[in-house]
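Protein chains in written order, with full-length UniProt numbering: chain A, 1 to 157; chain B, 1 to 157.
Honestly, the hints are just simulated from the structure, not real lab data.
Using N, Cα and C, we set each Cβ at its ideal position, and we do this for glycine too.
There's no promise every hint is true.
Unchecked claim - Among the chain A residues that face chain B by a calculated CB cut under 7 angstroms, a handful are:
no., residue
1, L6
2, F9
3, V42
4, Y110
5, K149
Protein chains: 2
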Amino acid sequence: MVDTVLFEFLHTEMVAELWAHDPGPGGQKMSLSVLEGMGFRVGQALGERLPREMLAFREELDVLKFLCKDLWVAVFQKQMDSLRTNHQGTYVLQDNSFPLLLPMASGLQYLEEAPKFLAFTCGLLRGALCTLGIESVVTASVAALPVCKFQVVIPKS
Amino acid sequence: MVDTVLFEFLHTEMVAELWAHDPGPGGQKMSLSVLEGMGFRVGQALGERLPREMLAFREELDVLKFLCKDLWVAVFQKQMDSLRTNHQGTYVLQDNSFPLLLPMASGLQYLEEAPKFLAFTCGLLRGALCTLGIESVVTASVAALPVCKFQVVIPKS
């Protein structure tokens, strides 16, 4: 009933609270970093709750597929719409109707507001990957709301 | 799998973030107020998602029973353990193992840390009641972790 939207409401409130005092450009960067950090720790914690067998993934690509299916369904009640890779450590995960962007009007007019609704989720992906033994850099971009692309770059060690 | 704990992880992170900078007594009061306000707005939003028939409760007591059963299950995957009233507008809702207090050790030694884990939920109850047309004052008290009592006072108009 209401449980599926609890996370989304809480996320909205977190963003609103962090931007409540209109902190200016420097403060906004700090707020994005705070959100990303919270997402990272929640992603780590979620990763630690995963069944043991999921921690035995052999291939990077299997881990990414797992994020696109199981993790996304657990958090957003839907799967990611597509996953592409260059087979050199870069993955693009595309969600055609990203739930945290849906409350905003579609189109271009609110594009500049989008980053604050993406930072937490970038952290969430990075945190879950970290628990699964993969260091990564995760960024997000929006060309037209509510379509969203998350880019995961895994540096070769 | 992981969805039932997402809210709890996110709540933990919110509390940690608000207390990260050790703001002193005045700042702590402000942080409690911020958490209570976030809970209030999430409670309001949850209330607005309830089926229409639930908005037609005739009796105050029915509304409180609804919070103890349906709302609590939706948010915490368990029912409240008891509900008592003096039939004059004061209700005591007791949860014998309040999920947001469970990560803390049982007993007395961390009692002073408890209020920051209760403020959001006090707001949540107040917000849901507000959407259901009832103004209230909600406070929480802990005598021994993880048992928690929420007191709802509804002023007679």
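Agreement of hint A/K149 with chain B interface, Cβ distance less than 7 angstroms: 23 angstroms, violated
Interface hint for A/V42, Cβ within 7 angstroms of any Cβ on chain B: 5 angstroms, holds
Residue hint A/F9, partner chain B, criterion CB-CB below 7 angstroms: 5 angstroms, holds
Hint check: 7 angstroms Cβ-Cβ cutoff, A/Y110 to chain B: 20 angstroms, violated
Proposed interface contact between A/L6 and chain B, which counts if any beta carbon pair is under 7 angstroms: Holds, about 5 angstroms.
In terms of the numbered hints stated before, the structure departs from hints 4, 5, listed from lowest to highest.
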